[in-house]
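Protein chains: 2
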Amino acid sequence: MTRHVELVQALRRSGHRLTPQRESVLTVMAENAQHLTAEEILARVRARYPYLNKSAVYRALALLTELGLVNQTDLGRGRVEYELHRHPHHHHLICRRCQQMTQIDHALLATLGEKLARDFGFQADLDHFAIFGTCKKCQTRASKHSKRHSH
Amino acid sequence: MTRHVELVQALRRSGHRLTPQRESVLTVMAENAQHLTAEEILARVRARYPYLNKSAVYRALALLTELGLVNQTDLGRGRVEYELHRHPHHHHLICRRCQQMTQIDHALLATLGEKLARDFGFQADLDHFAIFGTCKKCQTRASKHSKRHSH
DNA sequence: GTCTCTAATGCAACGAGTCGCAATAAGGAA
DNA sequence: TTCCTTATTGCGACTCGTTGCATTAGAGAC
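For the protein sequence lines, the chains are S and A, in the order given.
Read in the working numbering, the first sequence has 7 at position 8, and its numbers run on one by one without any break.
Read in the working numbering, the second sequence has 63 at position 64, and its numbers run on one by one without any break.
Keep in mind the hints are simulated off the structure, nothing from the lab.
Glycine included, C-beta positions come from ideal geometry on N, C-alpha and C.
Worth double-checking, as some hints may not be accurate.
[Stated by the list, open to error] Calculated pairs, BS3-like style, for lysine-lysine (alpha carbon to alpha carbon, straight line, at most 27 Å):
no., chain 1, residue 1, chain 2, residue 2
1, S, K114, A, K114
2, S, K136, A, K114
3, A, K136, S, K135
4, A, K136, S, K53
5, A, K53, S, K114
[To be verified] Residues from chain A that face chain S, not an exhaustive set, calculated with beta carbons under 7 Å:
no., residue
6, H88
7, L92
8, E113
9, K114
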């Protein structure tokens, strides 16, 4: 509830209008701490505001992302996932083989952010990173299988 | 030309068939060192093999990516861009405001890769990273503009 | 060269997300 | 409270990329 008020204020402060469409997206985001797809958000929003158009949802999410209130990440599942901006940041290691996802701490990326700022004056959005690769289990699995493929 | 032969061999070695569709995608990739969108690849491929289906191109690109011969990156322009895997790797800093793109050296990400390997046994694909954020110029521009938005 | 197996293609339908434009409504001004 | 400006919405059409399935064609075996 407090979070919801905060979000509404941030919207108003940045000079944007508060529409029922935006407000309901905001409410849904504030109520769900975990990643949501646009489709899930649309479904939940329609529970309280039934005839809401999908473009409005996408546009609301784009605006919230621009304002830094929401993170928008492609976690490799064929659709983008949205989440309220959390403190401290966190990131994900995603295995391309088994899809397993490990959450990692922001500290691991902080050094990189500092280096980019120092060397290039570039302020990187390292809010919610998805790093793809191969997990420990799948690496050992892969080395066994590679023998078969030799034909 | 040598690069093209290498690619064909890698395909065969991994147990996949060499079709004219795949070969023409390979040829186009080998001839163009820079980023290409799927649409550009399709256009160039059709110059030599006119009735090629777009699914075949997408599937060929997906296979080449899986084999590590091609990098596939979303550089924030609304479509994915493809490029032959280059050594040494390189990455991009992309400004969300002005779209300016700076190429950076792999060395900056190498430490991160090592940390992830050490701490999690995770082998990250840090081949061709797109890091979004705000460039130096746009940061100073933004601080000026923020006064206007205070209403 | 011919046969056979099955990987790969072509096609058409689909899904996520975007865009242009006319209609609507938020919210400041009077 | 009413008016006015213009940001925002709804809608339908569109784009990029994916998928299921019947058909085609690589390439190893004979």
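Against the structure, the hints come out as follows:
At roughly 16 Å between alpha-carbon atoms, K114 of chain S and K114 of chain A fall within 27 Å of each other, so this suggested pair holds. The hinted pair formed by K136 of chain S and K114 of chain A meets the criterion: a straight-line CA distance of about 18 Å does not exceed 27 Å. Proposed proximity of K136 of chain A and K135 of chain S is contradicted: the alpha carbons are some 41 Å apart, above 27 Å. Of the supplied pair hints, the one linking K136 of chain A and K53 of chain S is violated, its CA atoms being roughly 35 Å apart against a limit of 27 Å.
Restraint check for K53 of chain A and K114 of chain S: not satisfied, since their Cα atoms lie roughly 41 Å apart, outside the 27 Å limit. The closest approach between the C-beta of H88 of chain A and any C-beta of chain S is roughly 13 Å, which is over the 7 Å cut-off, so the hint fails. The beta carbon of L92 of chain A is positioned within 7 Å of a beta carbon in chain S (closest approach about 5 Å), and the interface hint is therefore held. Taking 7 Å as the C-beta contact cut-off toward chain S, the hint placing E113 of chain A at the interface is violated, the least distance being around 11 Å.
About 6 Å separates the beta-carbon of K114 of chain A from the nearest beta-carbon of chain S, less than 7 Å, and the hint is met.
The structure does not agree with the numbered hints 3, 4, 5, 6 and 8 stated previously, though it agrees with the rest.
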